[in-house]
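Protein chains in written order, with our numbering: chain A, 1 to 377; chain B, 378 to 739; chain C, 740 to 1066.
In case anyone wonders, no lab produced these hints; they're calculated from the structure. Be aware that one or more of the hints could be misleading.
[Claimed, not checked] In silico contact screen, one side only, chain C against chain A (beta carbon under 7 Å); selected entries:
(1) Asp812
(2) Lys968
(3) Leu970
(4) Tyr979
(5) Arg982
(6) Pro1058
We put the beta carbon where it would ideally sit given N, CA and C, even for glycine.
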Amino acid sequence: MTTDLGGPVPVPGAGGGRFAGEPVLSIRDLSVAYRTMAGDVRAVDRVSMDLTAGEIVGLVGESGSGKSTLAYGATRLLRAPAVITGGSVQYQGRRMDTPVDVLQLSTAQLAGLRWREIAIVFQSAMNALNPVMSVRNQLTDVIRAHLRLPLREATEKAAGLLDMVGIPRSRLHSYPHELSGGMRQRIMIAMALATDPEVVIMDEPTTALDVVVQREILGQILELKERLGFAILFITHDLSLLLELADRIAVMYAGQLMEIGTAAEIHHEPSHPYTKRLLHSFPALRGPRKELTGIPGTPPDLHSPPPGCPFLPRCTEGTDACSRIEVRLSRVTSSADPEHLTACPFVLPDRPDAAAASASGSGSAVGVRPSTEELTP
Amino acid sequence: MTTALPINVELPALPGAPARQLGRWRRLPLKAKAGVVLLGFFVLIAIIGPLVTPYNPGYQNPNPALSMNAPSAAHLLGTTQSGQDVLSQLLVGIRLTLELALLVGVIATALSVIVGVAAAFLGGIWDELLSLAINVFLVIPALPLLIVLLGYLPYTGQTATILVLAGLGWPWGARVIRAQTLTIRNRDFIAASRESGESSWRIIASEIVPNEVSLIAANFVNTVLYAIGASVALAFVGVTNLSSWSLGTMLYWAESQQALQFGAWWWFVPPGLAVALMGTSLVLLNTGIDELGNPRLRDANQRAKVNGRRLLPTDPTPVLHASLPPERRSPVIAFMRSFSRSAYVSDRAQRLSAAKPSEGER
Amino acid sequence: MPFILRRLGFYVVAAWVALTVNFFLPRAVPGNAVEAIMSKFPSLQPSAYHALEAMLGVGQAGSIWHQYVSYLDDVLHLNFGISSSEYPAHVSTLLAQTIPWTLALVGTATVIAFFLGTVLGILAGWRHGGWLERLLPALMFLQAIPYFFLALLLLYVLAINVHIFPIGQGYAGGLVPGWHWSFISSAIVHSLLPAFTIVITSVAGWMLQMRNVMITTIGEDYVLAAQAKGLRDRRVIFSYAARNALLPQLQGFGLALGFVVSGAIVMEIVFSYPGIGLLLLNAVTSDDYPLAQAIFLVITFAVLLANLIVDLVIVAVDPRARTREAA
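Turn these sequences into a full structure, and let the hints steer you where they fit.
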């Protein structure tokens, strides 16, 4: 693996050793488990997804769906008792000639890749910033670690980063507790961009902020993305946010990927029942008032996941055949997006086991209320 | 975009995954168990000890040949300067010391719970005053104050000692309990109880105290530890009543009769060792309680091992299906490891298994 | 700044409480304390009666308040009265002779033990599960041993049986105290075993405490963020985790100072070390109240001062403390 240290910021979209449109991050069949005294918990089960340069992919799911585990596992930041049990994470940034499998790197190589190529913006900036270190030191230590600049130049670069996110330079000498929530989050973003990464993983970056500040921060993020050309993996439980923000959206449930497609398709033509229910869980700003339908029930116990589709107990469209299918992603043929994939066989009439599913009887579903309402997008 | 395995193939169970549920005793951390066993041993001695003493501990054998004798068949732990049997004194002493410490623990813990909860609940000026009192008594060194206090008291029997020790031993626990009560008090479920009209007393009894049980238990253990240490030190200095046969008194006499210079180790080692072991059992117990309450400490002790290597928190997540070359360690560690046979064996196994893909051991 | 001022105010209050307790103690004793002392020491001149009265502040003309004020005045002028067991020596003289010994021994040993224990604790918290972890039960045992008992053991094994260390005292008999090398070297040699005792017993405590704090701190988000930044392990552990873990550790140090000093003082008895501990023992066994009370005051003030110093260190290390209001 060859990486160069520092250098001018390339124009976004200009390829390096790879063609534009090729994925920057390619997760294939990643499986992560937590080893506990009572057995293993499959937090992430054979998830595959791609991230292309400059793209915003949203990762949405309930708590415990594995979305954070997926993202942290991809950079091997999970602590014991987590283990990665399968899959690969291919990464090729614009500074590299050939892709590398993050899971096969040594500790030293991984440290070089972390942040420089893949950075993370954490959820709570108050907790993710070192309380006893000044802002300047927290910015310069990562700059110096990766770019090997002397302190003065690193400080100048840090000041430039603050300018970029709209924070006065005098704040370099402040400590995290002296700053407001929005400022701290912007410093986190500035810190993430300090070494010009290719991928920025944002783990619920605005969940802890009020709506007004949220808007500001998101605007800032988009503007920076346009300027610097990095890709974003945006993790959240708020689907409504992603509909506006993301290029593509991936829906996770119980550690597995349920559906993935462009934001427009997910919004208007969702194919998986879970996605449909999520879309109907929040009100629209305009339009007629309608009753909000949540999703009754709870996610399955991942210690001993039931066979077949994990969403079956809470699904209004499933039948007991769904407990015998294999969970895999297939193309949604009726979709305008060629990359629109879903894990639900029921909605794909041309899938072989879908025929079996509908043939084994409709209406006598296992543990499911008969659906009486129209689910319209 | 890839397919999963067909459904009729069982996914291989991840190796090293015991799916059984362990019983409550077995799930306790090892340290807590060791502490309970050790403490139980001493409690047993305290209960039956004085009943089985071979001699009267105070009996001074006039025979000069039996003065400061090494352990023998007749006197299992030897004799003191005045011919008294050390073993008998030890058995009696353990009970006295433990009794005193437990009483002090109970009184002081009760006091600290009352003051701590009161300070947290009353709030305002009362909280300020009580906190000030707590902090002042915490910062004033206890032992010199105890020495002076007991020095002035005309009667320095067991009761006085217990009261004085308890009087200086409650502030530490009160501070901790006050802090915890404040945290709990601000939580939503207390507000909910208040809204539903429960009286403060009921809230305290049914919501707050049950949530602090492990804290109170740890507090009790710590106070007993302090009481043992303080009472032994006070007796050693000579401030408390010298006619009772506590462990500290034994040490006092051993020191003043120059057991050290005469080489009479059997006189001062057993009581000191008893004190140390009782203290150790309490510290073990406390660590166990700590681990029960703090999941991070508990997880830290489940030493994660992958491919034979111990996993540090700063190590990246282990990848089971990868064949990674052996990592270079720091030269100091590598040097020390070169002496270890088990390290050699595991390194060799790893090198062999790197040739073919294999899953790591738990 | 407000933090330090509040702490200073607090220590002044604590010192005042100690003084007041000291003042009321002789008055709380049934019977006349002065007469009790006089009867114990028949060699005392009748004039000593008045001196003792003045010292204890009893039997004087004037109200309690008046006595209290003059007592405070005396203390502020470092006039602690006359010792009854070492009559006619002034208590302050006796104190001045012994305090430097205790300060040198206990001060140095405690700081060394804290430093060593903290560093070992950082390593144990980082590399938990290693060989340091297996030492834990042994360390707990060491922590539970009373200082003076360990002193007895060490003295027995290393001094009496094996003659490596001197048996006791502060310096070899026959030497005249002064600033010459033969005296200083002898003093150092004689302080090795007592210092060793303090260090062994207290290192265990500091190490265990730091280890626990480190394990909790390593679980914090900012440590994970530091790892995510690709920083070296050493920097993550020391600049991110340990620097934060140091704060509760320092606070614990302040709280434990009283215990450490108390334990060390009792330990001095075993070594016949010419410090405050030995003086206290003599005072207690001979019912020398003025001396005992003065020693209590001195120890208390020393501990308060040390706590203040620890607070200053905390302010230097923790940026949040500079603006924090609450104590």
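Is the hint on Asp812 (chain C) kept, meaning its closest Cβ partner in chain A is under 7 Å away? Given a least distance of 45 Å, the restraint on Asp812 (chain C) is violated.
Arg982 (chain C) as an interface hint toward chain A, with CB separation required under 7 Å: 5 Å, holds
Taking the least C-beta to C-beta distance, is Lys968 (chain C) closer than 7 Å to chain A? Result: holds, 5 Å to nearest chain A Cβ.
Please check whether Leu970 (chain C) passes as an interface residue: C-beta within 7 Å of a C-beta belonging to chain A. Holds: closest Cβ of chain A sits about 5 Å from Leu970 (chain C), inside 7 Å.
Hold the hint about Pro1058 (chain C) up to the distance rule: shortest CB distance to chain A must be less than 7 Å. 4 Å, holds
Please verify that hint: Tyr979 (chain C), Cβ, nearest Cβ of chain A, below 7 Å or not. Given a least distance of 5 Å, the restraint on Tyr979 (chain C) holds.
Going down the numbered hints, you'll see the structure goes against just number 1.
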